[in-house]
Structures are given as structure tokens and as C-alpha cells.
Amino acid sequence: MSRTLRRRSTIAASLALVASLGLTACGGSDSGSSAVPPSAGGGGEDVLQEVYDDAPVAEAAALLSDSTMAEIRERGVLRVAAALDAPLLSQQDPSNPDDVQGFDIDLAKLLAIYIIGEPNIEIVPPASETREALLTNGTVDVVFNTYTITEERAEQISFAGPYFVSGLAVAVRADEEEIQGIEDLGGRTVIVGANTPAVTAVPEEQPTAEVVSFATDPQAVQALTQGRGDAYVQDYTLLAADAESNDGIKVVGQPFTEEAYGIGLPPEDQDFKDFVNDWLEQVYADGSWAAVFDATLGTVGDGSTPEPPVIGSVPGS
Amino acid sequence: MRARRVSETAYLYDEPGPRARRRIRIASAVSVLVLAGLLALALVQFGSRGQLDADRWTPFLSWPIWEYLLVGLRGTLLAAAVVAVLGGVLGVLLALGRLSPVRPLRVLCTGFIEVFRTLPVLLLIYLMLFGLPAYGINLPVLWKLVVPLTIANAAAFAEIVRAGVLSLPRGQSEAGASLGMRRLQVMRAVVLPQALRAVTPSLVVQLVSLLKDTSLGYVVAYTELLYRAQVLSSYNRLLIQTFLVVTLVYLVVNGALSALASRMRRRTTRTAAPVAAAVPPQQGAPAPTVEAPRG
Amino acid sequence: MSALIDSWPALLAGLGTTVLVLVTSAVGALVLGVLVTVARVSPVPVLRAAAFGYVQVLVNVPLLALLLLAVFALPDAGLIAPLTVTAIIVLTVYEAAYVAEALRSGINTVPRGQVEASRALGFTLAQTLRLVVVPQAARAVVQPLGNVLIALLMNTALAATVGVVELTSAVNKVNLVQAQPIPIFGAAGLVYMALALVIGLGAGRIEKKVAIRR
Chain A
1 MSRTLRRRST
11 IAASLALVAS
21 LGLTACGGSD
31 SGSSAVPPSA
41 GGGGEDVLQE
51 VYDDAPVAEA
61 AALLSDSTMA
71 EIRERGVLRV
81 AAALDAPLLS
91 QQDPSNPDDV
101 QGFDIDLAKL
111 LAIYIIGEPN
121 IEIVPPASET
131 REALLTNGTV
141 DVVFNTYTIT
151 EERAEQISFA
161 GPYFVSGLAV
171 AVRADEEEIQ
181 GIEDLGGRTV
191 IVGANTPAVT
201 AVPEEQPTAE
211 VVSFATDPQA
221 VQALTQGRGD
231 AYVQDYTLLA
241 ADAESNDGIK
251 VVGQPFTEEA
261 YGIGLPPEDQ
271 DFKDFVNDWL
281 EQVYADGSWA
291 AVFDATLGTV
301 GDGSTPEPPV
311 IGSVPGS
Chain B
318 MRARRVSETA
328 YLYDEPGPRA
338 RRRIRIASAV
348 SVLVLAGLLA
358 LALVQFGSRG
368 QLDADRWTPF
378 LSWPIWEYLL
388 VGLRGTLLAA
398 AVVAVLGGVL
408 GVLLALGRLS
418 PVRPLRVLCT
428 GFIEVFRTLP
438 VLLLIYLMLF
448 GLPAYGINLP
458 VLWKLVVPLT
468 IANAAAFAEI
478 VRAGVLSLPR
488 GQSEAGASLG
498 MRRLQVMRAV
508 VLPQALRAVT
518 PSLVVQLVSL
528 LKDTSLGYVV
538 AYTELLYRAQ
548 VLSSYNRLLI
558 QTFLVVTLVY
568 LVVNGALSAL
578 ASRMRRRTTR
588 TAAPVAAAVP
598 PQQGAPAPTV
608 EAPRG
Chain C
613 MSALIDSWPA
623 LLAGLGTTVL
633 VLVTSAVGAL
643 VLGVLVTVAR
653 VSPVPVLRAA
663 AFGYVQVLVN
673 VPLLALLLLA
683 VFALPDAGLI
693 APLTVTAIIV
703 LTVYEAAYVA
713 EALRSGINTV
723 PRGQVEASRA
733 LGFTLAQTLR
743 LVVVPQAARA
753 VVQPLGNVLI
763 ALLMNTALAA
773 TVGVVELTSA
783 VNKVNLVQAQ
793 PIPIFGAAGL
803 VYMALALVIG
813 LGAGRIEKKV
823 AIRR
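Chains as they are written, first to last, in my numbering: chain A, 1 to 317; chain B, 318 to 612; chain C, 613 to 826.
Hint data in this document are derived by calculation from the structure and do not stem from the laboratory. Incorrect hints may appear among the rest.
[To be verified] Here chain B is said to cover these stretches of chain C; the calculated rule only asks that three of the stretch's residues, wherever they fall, bring their Cβ under 8 Å from a Cβ of chain B:
1) 622-631
2) 634-646
3) 663-675
4) 691-705
[Unchecked claim] Residues of chain B placed beyond 12 Å of chain C at every Cβ, according to the derived structure:
5) Ala344
6) Trp460
7) Leu509
[To be verified] If we take Cβ atoms under 7 Å as the criterion, some of the chain A residues that face chain C in the derived model are:
8) Phe214
9) Thr216
10) Gln226
Every residue, glycine too, gets a C-beta built ideally from N, C-alpha and C.
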């Protein structure tokens with residue numbers, strides 16, 4: 001019940017925000033307001049506004065003529081494949097649809113500023129199984145979508161980064177006592193996201209586990225709370241964010257794999273890849289990467305800010 | 318409205334006498350009790366899980382939530398309109414092709430219709446989504462939904478139109494021919510106008526079905542009603558309420574279309590011989606094939 | 613082609629699920645559809661209205677919305693069943709409305725005069741239906757029912773969207789690994805067409821059997 005009440009007050013709060021922002025926020029439509037999942041406070045957002053204001057912009061010379069980045073600048077908007085329903089990573093606020101926030105999407109806005117000078121992004125929500133297709137057929141320019149760098153994927157598309165390192169972990173229902181980690185999943189029914197690394201990682205660790213896959217993270221969480229499986233194996237960051245906004249589930253044990261997230265890029269576009277990696281180096285160095293982390297994923301967990309990963313450190317990147 | 322519906326099948330039995338009337342009254346009471354019981358059961362089940370609590374429903378009284386859903390509905394209607402126009406035109410052409418005396422054309426059109434009448438639309442969407450990029454073809458999101466739906470619905474439209482053409486008495490085209498009109502002229506000026514009028518209700522019913530098909534837009538990340546409902550429900554975690562509300566929206570929109578269809582059906586059956594069987598085609602379904610009456 | 617051969621156990625399992633869902637929900641939809649039709653032509657106004665409402669609601673709502681509602685939303689109200697079972701129930705309930713529509717239009721093809729004649733002969737409603745209406749309506753109903761079943765076959769693919777691993781879902785998974793969409797989806801398409809052909813031919817045979825020779 002308390003969850004329901006909190007939810008309602010969040011909606012009420014965001015409505016009030018919509019009302020107040022409506023008067024002032026005509027220009028920077030993407031930046032303001034709170035309401036990324038219930039807990040992420042409005043305080044962090046002011047910090048991000050500063051980050052946006054000070055964000056690096058590429059020198060004109062870096063935008064090689066006829067390159068992908070020049071084309072994006074010409075268009076004036078960066079097309080990003082990102083979720084709309086991933087708390088702390090990329091969550092749309094339905095009472096204010098222009099307002100999408102989280103670690104992935106804020107980085108995407110920084111990249112847009114780097115190329116265009118403005119945080120202009122157009123979000124195309126992918127299913128996890130359509131991301132390669134969206135890149136190869138040119139529907140989007142980049143993918144920011146907890147997109148694990150793998151060599152198989154790197155055969156179809158390119159990766160910049162990694163920009164974050166995490167690992168697969170196990171989530172269970174809040175009242176579950178027996179399962180303490182991946183080692184307890186033998187013979188259990190395990191929920192995974194379709195076409196995520198967990199699809200192969202779970203059978204490798206626990207060959208006797210029965211794997212059921214769902215298309216989206218909210219569906220998988222829903223399936224877990226409803227008892228369609230005993231555990232949900234997914235990236236630790238996603239699970240931590242899910243558990244933060246949903247009292248019905250909890251994360252158990254430590255991550256049992258290492259996943260390096262990359263920025264998905266169209267295949268065979270070395271110039272664009274170098275360009276995006278240059279940008280990553282810059283946001284690592286000037287602290288804006290850390291600021292984005294603190295405002296989003298950093299609001300759950302132990303509060304410390306990790307070191308950004310080394311670019312190109314993973315096979316496939 | 319009600320009275321007409323009663324009379325539709327009332328000819329099956331005699332005007333009920335006093336005993337029959339009593340029996341009907343008893344049966345009515347029993348069925349009211351059973352139906353009310355089922356409803357009560359459902360409400361108790363929902364209520365016991367707190368699904369009827371006011372605070373689970375009040376979010377749907379706020380305008381921003383409706384605005385969010387209505388933008389989705391606009392996407393649904395836009396996609397449906399494009400599919401209806403393109404699929405309708407293609408469907409008429411396919412129907413004419415299938416009826417053509419030119420054998421290669423006839424075989425081609427028949428093949429097209431028969432193939433796409435029996436393929437799941439979802440399979441077509443997957444094929445286009447994952448298959449076309451291999452050939453360097455890239456379509457905007459709307460078209461990734463619209464193209465597969467158009468192909469599937471064109472096949473359905475074609476069968477409806479063909480049924481309409483076949484239902485016309487032969488004399489019509491013969492009369493046209495005897496006036497010295499060429500085949501295409503006869504088709505355009507005599508046969509098609511009458512055929513299309515005769516099958517208008519079936520066409521509207523197909524329209525309802527393709528509007529429902531657009532819910533597959535979430536696969537290609539097209540902003541339509543059901544997709545927005547999913548995002549909304551992931552945010553507010555009011556799954557039952559969100560999906561029931563959206564179901565209701567579909568019901569209202571499609572109900573209006575269906576009502577139009579049945580009004581048209583009544584009007585056309587009064588003036589013309591009944592044509593298409595009133596089986597509404599469904600998601601990606603073949604149109605009802607109507608056979609010319611055999612003696 | 614090798615992509616298909618390598619993963620045939622998964623594809624066969626998917627096909628098996630598709631056929632299972634198809635057959636069980638077809639039987640269910642036929643039974644439920646007959647019941648709805650009976651209610652729809654019954655002399656009891658309440659039943660008629662309920663059956664009419666049932667058909668109207670289900671014909672106007674996307675199957676996908678119903679599937680999402682049943683699989684992800686209804687468990688919040690304590691109503692939960694395994695995925696495949698849920699999909700079968702939803703398909704049954706959904707297609708029953710179309711079966712009912714097909715049956716009703718079949719009944720409507722029997723000329724009124726015939727019914728009036730049988731009433732004039734003193735037949736009861738049950739006798740009229742059994743001896744006069746049903747035998748004649750059957751002929752007109754076979755083909756539309758065949759079409760409903762073919763539509764049901766195509767709709768089983770939607771179960772893929774709620775996590776049921778049937779044929780479409782299985783080939784999609786294979787394609788994600790093998791990345792050869794044209795042969796993989798093409799083969800699945802052929803399988804669906806073959807199944808539809810079986811239904812169509814079956815309907816044709818039955819239609820011949822129940823045809824009235826004059």
C-alpha cells in the first residue's frame with residue numbers, strides 16, 4: 001500500500017512540476033524536472049544542468065566531411081536507440097513524455113551536445129532483439145541500452161567504449177529465502193531477458209536450470225513477482241534499479257559475470273567509432289561521466305563512484 | 318435497435334404462449350443470477366487484491382496520462398489510415414488481377430493472395446525488420462509497420478472485392494460488353510461500383526481488423542496505443558488498470574467503426590441481395606470467401 | 613540452410629507448441645462458440661444480450677491487448693496460469709467470438725420460409741434446429757469456420773510476444789544466433805502455409821460431405 005501511495009505522490013509531484021515548468025522551460029525541454037523513478041531526487045538534476053552547460057563540444061575539424069557525425073549535425077538531432085521503461089537508466093515520465101532520464105539517456109544527451117551543440121535526441125525504443133537491426137538499417141545513429149559488448153555482436157555492428165562495467169546478478173522475490181545467488185539456481189525456473197547475455201550465461205553456470213525469456217525488463221520483473229520463475233538473471237545495474245522502484249523484489253549475491261557496456265554504432269564506420277571514443281575520453285576526464293553516474297545509478301548502491309572503464313579494453317570493442 | 322436484434326432470430330420459434338413465457342422468465346432470472354454471480358466473483362477477486370482501490374484508478378483521471386495515451390491512439394489511427402488506403406488500392410488491383418483473363422497475371426495475383434492470406438503478420442514484420450537491412454533497404458519506423466500490414470491486408474481486401482465482383486449477376490458485364498465497352502471499361506464503370514457497394518460492410522469490418530493489427534507496432538517500436546500502454550504500465554505499475562483502460566479505448570474506437578459497418582449492412586441488405594457472409598475477418602485473417610450461390 | 617538443420621530440435625519443439633496451441637484452442641473455441649451461438653438465438657433476452665456483448669467486445673479488441681492483460685496484468689488479481697495455458701485460454705475466448713459470428717451467419721443463410729414451414733408442421737424449436745436449420749446451415753458454415761481456424765493458426769504466432777516459445781518465437785531465436793533471416797523466416801512461412809493448407813483441404817472435404825445433393 002505504501003508503494004501505491006508513494007507512486008501517487010510521485011505522479012502528483014511530477015504534475016506540479018509539469019505545471020511549473022510549462023511556464024519557464026520552453027528551451028531546454030530535455031533537461032529539467034525530477035520523476036525518474038520515485039527515489040531519484042530533484043537535487044541531482046541541477047547538477048546535471050551544469051554538466052550540460054559545461055559539456056564539451058567537438059571542434060569543427062573533428063566533424064569530417066561526409067562523415068556520420070557531420071550528417072547528424074546537419075540533421076540537428078541524434079537518433080538514439082534507448083529504452084523508455086528502464087528506471088535509473090532510461091525512463092520516460094508518461095505525465096511529461098519529453099522528459100526521459102537516466103544514466104544511458106543522459107550520456108546520450110552529452111554525446112548530442114558534443115556533436116550538435118544541443119541535447120537534441122530522438123529516442124527509438126528497441127526490443128533487445130532488434131538493436132542490431134536498428135543500427136544496420138540506419139534507423140538510429142547510436143545505441144545506449146545496457147548493450148553488452150560481445151564478439152558475436154561485434155561481427156554485425158561496432159562498439160565504442162566500454163562506458164560502464166557491470167555483471168549479471170540474480171534477483172528474487174522479496175520473501176524468497178532459499179536462493180542466495182547463482183549457485184542456488186540448479187533445477188529452478190530462471191527468467192531472463194530475450195537476447196541478453198543471460199540467455200547463454202545461465203545454462204553455462206547452471207545446466208539444470210529452466211530458462212524462460214521475456215521481451216522487456218518490466219515484463220520479466222512482472223513475471224518474477226507473479227511467480228512465473230524463481231529468479232530473474234539480468235545485469236546488476238538494471239536489477240538494482242528495478243529493486244529500488246519495486247518493493248516486491250531484491251537482488252541477492254554478487255554479480256557472477258563481467259559485462260562491459262558499449263555504445264552500439266553502425267558497422268564499418270571507423271571514423272565515427274574513433275570520434276565517439278574521443279568523446280568518451282573527454283567526459284571521463286572532465287568528470288561529467290561521474291556526475292551523470294552520481295545523479296542516476298549512483299543513487300542506489302553504496303554511494304561510491306566507480307572508475308570509468310578503459311576504452312577498447314574488451315574483445316569486440 | 319434492441320427490437321430489431323430480437324426479431325433477427327425470433328422466427329425460429331412461435332410467439333411464446335403463457336407457459337413458454339413463464340419458462341422464459343425463469344430462464345431469464347436464472348441467467349441473470351448466474352451472470353451477476355460471475356461478475357460478483359470477479360469483483361470480489363479483484364477487490365481482495367486491492368485492485369479496486371480508488372488510488373489505483375484515480376491516475377487515469379489526470380489529463381497528462383490521457384494525453385500520453387491519446388498520442389499513442391493518434392499513431393494507431395495514422396498507421397491504420399495509411400494501411401487502409403494502400404491496402405485497399407492494392408487489394409482492388411489484386412482482385413482485378415485474379416479475375417483477369419491474362420493467365421500469367423492471374424496466376425501471379427492468385428499466388429500473392431494465397432501466400433499472404435496464410436502468413437502470420439508477426440512473421441512478416443520480423444522478416445521485414447531483420448531481412449530487409451541485409452539488402453540495404455531502410456524504412457522509417459512507421460513504414461516498418463505499415464508495409465507488412467499493407468501486404469497482409471491487401472490480400473484480405475482482394476478477396477472481399479473479388480467476392481463482391483463474383484456476386485454480381487453475369488448479365489451486368491455482358492450488358493456492358495454488348496454496349497461495346499472494353500473489358501476494363503466494364504470493370505470500372507459497371508462492375509466495380511456495384512461490387513464495392515455490395516461489400517462495403519465487409520470492408521469496414523476489415524478496417525476494424527487492421528486497426529487491431531496496428532497493435533503489433535510495438536515490435537518495431539512504433540508509437541501506438543498499446544505500446545504507450547506498456548510504457549505507462551511499467552512506470553505506474555498499475556497493469557490491470559492500464560490495460561483495462563486501453564482495452565476500453567480500443568473498444569470505443571472499433572465499436573464505432575463496427576456500428577457503422579452494421580448500419581451499412583442493414584442498408585445494403587435492404588436494397589441489394591445479401592453478399593458477404595457477416596464473418597468479420599480478424600487479425601491478419603483471410604477475408605471471408607463468399608461463394609456465388611449455387612442453384 | 614544449414615542454420616535450419618543445426619537447430620532443428622528447437623524448431624521442432626516450437627512447431628509442436630504451435631500445433632498444441634492450435635488444436636486445443638480450436639476445439640475450445642468451437643465448443644465455446646457453439647454455446648455462445650445457442651445463447652444468441654435462444655428465446656431468453658438476457659442470454660441473447662450477454663452473447664451479443666461477448667461477441668462485440670472480443671471482435672473489437674486487439675488479441676495482443678488481451679494477451680498482455682491475461683499474462684501480465686491478471687496475475688496481480690491472483691489469476692495466474694502457466695504461459696502456454698494462458699495463451700490457449702485467451703485464444704479460445706477470442707476465437708470463440710469469431711466462431712459464433714460464423715455460426716450465426718450460417719443460421720441466417722437458411723431461408724425463413726423453411727423454419728416457418730417446420731413450425732407450421734408443429735416442430736419444436738429443438739426439432740426445427742436439428743432437422744431443418746443445422747443440416748442446411750452446416751454447409752454454409754464449413755468454409756467460414758475453416759477461415760476462422762486459419763486465422764487462429766496465424767494468431768498463435770502472437771503468443772510469441774508474451775514468452776510462449778512457439779514456431780515464430782523459435783525461428784526468431786534461431787535467426788538471432790544465425791542471422792540468416794530470409795531462409796529461416798521463409799521456411800517458417802512455408803510451414804504456416806502448409807498448416808493452413810491442411811485446414812483448408814480439411815474444410816473442403818467436410819464441405820463436400822455435408823453438401824446437399826439435389
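Exercise for the section: Beyond 12 Å from every chain C Cβ: check whether that's true for alanine 344(B). Expected result: Given a closest Cβ separation of 4 Å, the condition is violated.
Problem - Outcome, coverage of the stretch 622-631 of chain C by chain B - at least 3 residues whose beta-carbon is closer than 8 Å to one in that chain - result: violated (count 0)
Problem - Coverage criterion applied to the stretch 663-675 of chain C (partner chain B; beta-carbon cut 8 Å; 3 residues) - result: It holds: at least three residues are needed, and the stretch 663-675 of chain C offers 8 whose Cβ sits within less than 8 Å of chain B.
Problem - Interface restraint verdict for phenylalanine 214(A) against chain C (beta-carbon cut-off 7 Å) - result: holds, 5 Å
Problem - Whether tryptophan 460(B) stays farther than 12 Å from all C-beta atoms of chain C, as the label says - result: holds, 18 Å
Problem - Per-stretch coverage check for the stretch 691-705 of chain C, three Cβ contacts closer than 8 Å to chain B - result: violated (count 1)
Practice task
Can you take a look at whether the stretch 634-646 of chain C is actually covered by chain B? Rule is 3+ residues, C-beta closer than 8 Å.
Solution key: Violated, because only 0 residues of the stretch 634-646 of chain C bring their Cβ atoms closer than 8 Å to Cβ atoms of chain B.
Problem - Status of the hint placing threonine 216(A) at chain C (closest C-beta pair under 7 Å) - result: Violated, because the Cβ-Cβ distance from threonine 216(A) to chain C comes to roughly 10 Å (cut-off 7 Å).
Handout entry: leucine 509(B) non-interfacial with respect to chain C [C-beta, more than 12 Å]
Key = Its Cβ never comes within 12 Å of chain C, the nearest being 24 Å, so this holds.
Handout entry: Restraint outcome when glutamine 226(A) is required to lie within 7 Å of chain C by C-beta distance
Key = holds, 4 Å
When the structure is compared with the earlier hints, violations turn up for hints 1, 2, 4, 5 and 9 and for no others.
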